[in-house]
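Student: Based on the hints, put chains B and C in the right spot on chain A.
Residue numbers (numbering that gives the first Met the number 0), protein chains in the order written: chain A, 0 to 276; chain B, 0 to 252; chain C, 0 to 319.
If you're looking for bench data, these hints aren't it; they were derived computationally from the structure. Treat the hints with care, as some may be off.
[Unchecked claim] Here are some of the chain A residues that sit facing chain C, going by a computed Cβ distance under 7 Å:
id	residue
1	54
2	83
3	84
4	85
5	88
6	99
7	213
8	258
9	266
[Claimed, not checked] Sample of chain C residues lacking proximity to chain A, with all beta carbon distances greater than 12 Å (derived):
id	residue
10	110
11	127
12	138
13	272
14	294
For every residue, glycine included, the Cβ atom is placed at its ideal position computed from N, Cα and C.
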Amino acid sequence: MINVVLLGVVYILMGMGFAFILNLLGIFNLAHGAIFMSASYGCYLLVVRLGLPGFVAFPLTVLVAAAFGVVVERFLFRPMKADFNRTMMVCIALSTVLVTTFNRFLGTKVLAIPPFIEGTTGIGPYKVQTDRILAFCIGVVILVAIILFVDRSRWGAQMQAVTQNREGAALQGVRFSRVAAIACAVGFGLAAIAGVFMGSLYNLTPFMGDITLIKVLMLVILAGVGSFNGIFYVGGLLGVLYGALPVVLNGAVVDAAASIMVLALLVIRPQGFFGHE
Amino acid sequence: MLLEIKGLTKRFGGLKAVGDFDIHVDEGEIVGLIGPNGAGKSTVFNLITGVLPVTSGTNMFRDRDITRSQPDQVAALGIGRTFQLNPLFPEFTVLQNVTSSFQLHPCSSLFDIFFGTPKYRRNERFIREKAHEILSLVGLSKEANDLARNLAHGHQKMLGVARALATKPTLLLLDEPLAGMNPSEIQYSLDAIRGMRDNGITVLIVEHNMQILSLCDRVVVISFGEKICEGLPSEVRANSEVISAYFGADYVC
Amino acid sequence: MGVVMIVLALLPLAISGSYYMHVLILAFVYVVVSSGFRTISISGQFNIAQGAFMGVGAYAAAIPAVWLHWSPWVTIPLGAVAATVVGSIIAYPFARLRTVYYAMGTLFLGYVIMNLITAGGKTTGMSTGLGGVQPLFSNRTHYYYLAFGLMVVSMACMYRFEFSRIGVRMKAVAQSHQVAASVGIGERRNRILAVAFGSFFTGLLGAFYCHYQGVASPSSYGLGATLLIIMYVLVGGLNSFWGPSVGVLILLVIPEFYFRDLKGDLPYVTAAILLIIAFTLPDGIVGLVNLVKNRIVKRLGRGGLPQQPEGEVRADAPGD
Chain A
0 MINVVLLGVV YILMGMGFAF ILNLLGIFNL AHGAIFMSAS YGCYLLVVRL
50 GLPGFVAFPL TVLVAAAFGV VVERFLFRPM KADFNRTMMV CIALSTVLVT
100 TFNRFLGTKV LAIPPFIEGT TGIGPYKVQT DRILAFCIGV VILVAIILFV
150 DRSRWGAQMQ AVTQNREGAA LQGVRFSRVA AIACAVGFGL AAIAGVFMGS
200 LYNLTPFMGD ITLIKVLMLV ILAGVGSFNG IFYVGGLLGV LYGALPVVLN
250 GAVVDAAASI MVLALLVIRP QGFFGHE
Chain B
0 MLLEIKGLTK RFGGLKAVGD FDIHVDEGEI VGLIGPNGAG KSTVFNLITG
50 VLPVTSGTNM FRDRDITRSQ PDQVAALGIG RTFQLNPLFP EFTVLQNVTS
100 SFQLHPCSSL FDIFFGTPKY RRNERFIREK AHEILSLVGL SKEANDLARN
150 LAHGHQKMLG VARALATKPT LLLLDEPLAG MNPSEIQYSL DAIRGMRDNG
200 ITVLIVEHNM QILSLCDRVV VISFGEKICE GLPSEVRANS EVISAYFGAD
250 YVC
Chain C
0 MGVVMIVLAL LPLAISGSYY MHVLILAFVY VVVSSGFRTI SISGQFNIAQ
50 GAFMGVGAYA AAIPAVWLHW SPWVTIPLGA VAATVVGSII AYPFARLRTV
100 YYAMGTLFLG YVIMNLITAG GKTTGMSTGL GGVQPLFSNR THYYYLAFGL
150 MVVSMACMYR FEFSRIGVRM KAVAQSHQVA ASVGIGERRN RILAVAFGSF
200 FTGLLGAFYC HYQGVASPSS YGLGATLLII MYVLVGGLNS FWGPSVGVLI
250 LLVIPEFYFR DLKGDLPYVT AAILLIIAFT LPDGIVGLVN LVKNRIVKRL
300 GRGGLPQQPE GEVRADAPGD
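So that you can see chain A by itself, here it is in the shape it has in the complex (with noise of 0.2 Å):
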């Protein structure tokens, strides 16, 4: 059950990532899933081989993401001038190296990151893997937090103008260029995140990128293109759904059923539930 909670908090917190970028940069970041994949090995990496302890290794792992993150806003995305087709090159590109590199190297081998914290709690009747319960209380906090970052700070305020009007809020004074390389280094760092709890529930392999930015599509579709918030709710409504329902439904019936709604809500509302036109 807590696998399962867990996973829709990944799956929010890739969404979140995602929409960072498709909003405030207006790219469709195919990549997102091979920097997912990434971070898991990565933070594998630094667990297993380096010998470092899980509390140094996740945030090192979420910091050289979002890192990356500038760096690929800086010098492969602000250059190709959110040109369609030159923007899907890069990403193109940039996600086959990676999951060659990892494949080539790590990728026959069974690998999972191994839990930060030994031992159960009992939480009423339940024993619940204790790294877990942990992984569950940063995502929610992280969640929280990112979610105030948008509403509160004035970083925020300014992705909001840029969402709504790039040219506007650029005359209002908003460097758009700082707000890429945070949208950047933001949705990067967050989908390293997700990877790492990704890592630390199944096992590794260099392919899990794709099908969960599949599940992020998901998510982004049905929230709406240009709403932060909704992806949130619709992620924890997604995850209760996927959560609840194989209890009484055969999983690939549950699937089925999301996607035929996704791909309904495109035909009805192509905006989304909380998208507006």
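Tutor: For chains B and C alone, coordinates are given in the frame of chain A:
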């Protein structure tokens, strides 16, 4: 009656952009639809041509209900239009802009086009000649092979008119044809519009430039989405409500 | 162009290794499928479900072939028709979506299609694929000529589609759907037509491919295949008719012919090529060829070629 609009209403959420608006256009007329910026003039055009869905009211064109028609169906019935902004296909040449607009007369079926039948080739040759004719009419012959996006603003607007003419419209809707033009271009445009009427095209013009009045047979004034008066250009010019709509209530003596 | 055709037609006499022939058959398939992608894209639709459309064609051919023992000569056209039907039905709601949203929607759609196909239980062979699709011929040379013939016909049809008034309509819709509608070019109708037309040939070659392989497996048609197609198209040039063919030549044929020992490192080379194209040549390799050609013509003092924004590459440009 060519075009008859009754009780046209459009709401965006709670905001009423156009309310209970009536207008009719007879064959061979030039009718002006004037009003200050943001009065809902362009919205009326978009409602007539089906770009925006109508909240309530009916649009009749040649006794046919076009209230719920799609923009391309409206065009096929003989209503041509120009746009205020970005009136063209930027990546086509000027000539291609016009030839690509000949979709309706003469019309080749998909079969004819795909297999390049003699009928299709004949049509295309005819279209190319016609397109050159239209370009010389609006004074763009020299620019025929330039990319449309490289044209000067005034020329772009004239190209928009040329494109609309290519659909062989019975009724032509001109959306602010004079906006952003210099005085000599304005004079040229006014003459061109008069020329179209002489060729049997009925014209409905949206403008906020009052110079258009000299051209119109009849003028309808709209303000805040509602019709405030209608009449001959001279009557409208003297009407105090119009003046207050344009310049604010203080100006009314 | 004629020279390229004759060389390709005579090639089986010269090459002995059946591996090379296999690569060329694969290349013919991808040339058509990538060009199908481009045909859909000229109406402004970046269709990331292209691999899945290919899969629809493949499975629509494989299922009757395996379970009902229908002749391949029936099932291959059936695959094309099935892809057209599925494509057109899907295109209807998707005709409202634009650029990024369309791309996201179709990426998701491709996943759903492949998911539904593999969810078909024994009928579709689940995720391992449906084996035992009966072969057309026993001789690979025959396959070669069939693939070649299908490619020539498909490319001729798509050429005609693009460089006639239909293509003009598509390009008009892509540039401005509002202006297009104002002259009677309906957006939805034309976008559906583009998808129907492009997916017909995509399904056709998908069906051929599964008969050639003897198996319809989801791994040949999912997102992976779509990404390959997109790479071919973008590297060759999305804005020129021969772009996808050139992309296949550069990213598929040349590496398989000459750099097979690179295998593991090949994705890096591909990624590097993609980045170079993205940074320096937004119009792809064919765009570069056109640029150079224009330069040379200008240097010769003939005042440059008249601009051809339709992207009409002359037939003597290096093809596939």
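Student: Now tell me if each hint is right for this structure.
Tutor: Verification of the hints:
1. 54: Since the shortest Cβ distance to chain C is 34 Å, the answer is violated.
2. 83: holds, 6 Å
3. 84: holds, 6 Å
4. 85: holds, 5 Å
5. 88: Interface hint status for residue 88 of chain A: holds (4 Å vs cutoff 7 Å).
6. 99: holds, 4 Å
7. 213: Status holds, d = 5 Å.
8. 258: holds, 4 Å
9. 266: holds, 4 Å
10. 110: Check fails; 5 Å does not lie beyond 12 Å.
11. 127: holds, 16 Å
12. 138: Given a closest Cβ separation of 36 Å, the condition holds.
13. 272: Non-interface label on residue 272 of chain C violated, nearest chain A Cβ at 8 Å vs cutoff 12 Å.
14. 294: holds, 23 Å
Checked against the numbered hints given earlier, this structure breaks hints 1, 10 and 13; the rest are met.
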